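Undergrad: Each chain, written out:
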Amino acid sequence: MDALEDNQNPNSSIEVTDAIFQGLSETAVTTMLAQNFHWNVTGMAFAPLHQLFQDIYEDHFDAQDSLAERTRALGSFVDGSLASMISKSKIEECSERLTDKEMIKEMLFAQETLASTFAGVSDIAIKNGDKITEDLCVERGLIHEKFSWFLRAHME
Amino acid sequence: MGSLTLHKSDFIFLERVRACAKEVRAYPRLDMFKACQLISMDIELLSSEVLEILVRSLPQAFGRHLAIQPPGTLHVSWDEKWLLSLVNSVSISDYDSVKFLVKSVVKKNHRRDFFTIASELWKISA
Numbered sequence: 043m044d045a046l047e048d049n050q051n052p053n054s055s056i057e058v059t060d061a062i063f064q065g066l067s068e069t070a071v072t073t074m075l076a077q078n079f080h081w082n083v084t085g086m087a088f089a090p091l092h093q094l095f096q097d098i099y100e101d102h103f104d105a106q107d108s109l110a111e112r113t114r115a116l117g118s119f120v121d122g123s124l125a126s127m128i129s130k131s132k133i134e135e136c137s138e139r140l141t142d143k144e145m146i147k148e149m150l151f152a153q154e155t156l157a158s159t160f161a162g163v164s165d166i167a168i169k170n171g172d173k174i175t176e177d178l179c180v181e182r183g184l185i186h187e188k189f190s191w192f193l194r195a196h197m198e
Numbered sequence: 019m020g021s022l023t024l025h026k027s028d029f030i031f032l033e034r035v036r037a038c039a040k041e042v043r044a045y046p047r048l049d050m051f052k053a054c055q056l057i058s059m060d061i062e063l064l065s066s067e068v069l070e071i072l073v074r075s076l077p078q079a080f081g082r083h084l085a086i087q088p089p090g091t092l093h094v095s096w097d098e099k100w101l102l103s104l105v106n107s108v109s110i111s112d113y114d115s116v117k118f119l120v121k122s123v124v125k126k127n128h129r130r131d132f133f134t135i136a137s138e139l140w141k142i143s144a
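Protein sequences appear in the order of chains E and U.
My numbering numbers the first residue of the first sequence as 43 and each following residue consecutively.
My numbering numbers the first residue of the second sequence as 19 and each following residue consecutively.
Next comes chain E alone, as it looks inside the complex (with noise of 0.2 Å):
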């Protein structure tokens, strides 16, 4: 078995990618609720808080990409739908005006949820032997404790 065989595993390939596209789709909601509070935010952390969301939202919507082309690699369909992934989201959408601190405080809880996600989602990638989902989802996991730390940093 080659190394790439040795990474599309066609039997055990589509818990993967359920669980790719739960991390995806949770990366989607949050991608546009830190774009709606990088506009939005107001109060005197103004300008650390703007590029801090801008900072968040640039690398969620890299990651997508990066997660969906996993997902294509391990022969899989994404369902691209933002409909989908706001169903299947255990981060939600936020249509009301939040102060400053509020919108701190939403952002932790999607990250703290997205670091989960990724934890379990590798988990399953290591049940199945897929490393190279593996590495994708402690990277991201990482990312998204450093950006909790970033944000509880700015409550205390």
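Calculated directly from the structure, the hints in this document are not laboratory data.
Predicted model, so just to flag it, every value in this text is computed and none were measured.
Fair warning: there could be bad hints in the mix.
Said to hold, decoys possible - Think about it this way: if two alpha-carbon atoms lie no more than 27 Å apart in a straight line, the pair counts; the simulated BS3-like pairs of lysine-lysine are:
1) Lys40/U x Lys130/E
2) Lys40/U x Lys141/U
3) Lys117/U x Lys147/E
4) Lys125/U x Lys141/U
5) Lys147/E x Lys125/U
What the hints assert, rightly or not - Here's a subset of chain U near chain E, in silico, CB distances under 7 Å, partners left out:
6) Ala44
7) Pro46
8) Arg82
9) His83
10) Lys117
11) Lys121
Heads up, the beta-carbon is just placed ideally off N, CA and C, and yes, glycines get one too.
Using the hints, position chain U against chain E.
TA: Just chain U now, kept in the frame of chain E:
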């Protein structure tokens, strides 16, 4: 809740909660409303299914990520103590305590659904 005494049975239950929380991390969202519908259906749910519904609905009920430790951890978080208090109160039909516990953390718009879920928690403590 700070003076909660943990018995061996509490730790066994807590380990079930922790294993379940670890298992469902990459699962899709389960709305409080949907959780409520599932738990109210006229079918015999397994104890593990009731536990999964509870664990998956808690983040939305709390409006934040829950601090549930990995299995085998000796430290018990505040959220875990809250959950133990809730299940223990339901199991002895102490509904005043259940009301207090729910009102203390569950978001106002989710309390009604959460009370329905809480009322079924005797199944996981039986």
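Undergrad: None of the hints should be skipped; say for each whether it holds.
TA: The hints, checked one at a time:
A hinted pair counts as satisfied when its Cα atoms are at most 27 Å apart, and Lys40/U with Lys130/E qualifies at roughly 18 Å. The suggested pairing of Lys40/U with Lys141/U holds, with an alpha-carbon distance near 21 Å, which does not exceed 27 Å. For the proposed pair Lys117/U and Lys147/E, the alpha carbon gap of about 26 Å is at most 27 Å, so the pair holds. Under the criterion of a C-alpha separation no larger than 27 Å, the hint pairing Lys125/U with Lys141/U is consistent with the structure, at around 24 Å.
Distance check on the hinted pair: Lys147/E and Lys125/U sit about 14 Å apart at the alpha-carbon level, within 27 Å; holds. Interface hint status for Ala44/U: upheld, as the beta-carbon distance to the closest one in chain E is roughly 3 Å, under 7 Å. With its C-beta approaching chain E no nearer than about 4 Å, Pro46/U sits inside the 7 Å limit, and its interface hint holds. With a least beta-carbon distance of about 5 Å to chain E, the hint placing Arg82/U at the interface is held under the 7 Å criterion.
The criterion of a C-beta within 7 Å of any C-beta in chain E is met by His83/U, whose closest approach is roughly 4 Å, and the hint holds. Annotation: interface hint on Lys117/U violated; nearest CB of chain E at approximately 25 Å, more than 7 Å. Interface restraint check: Lys121/U against chain E, minimum CB-CB distance 20 Å, threshold 7 Å, status violated.
Violation of the numbered hints given earlier is confined to hints 10, 11; the remaining hints are satisfied by the structure.
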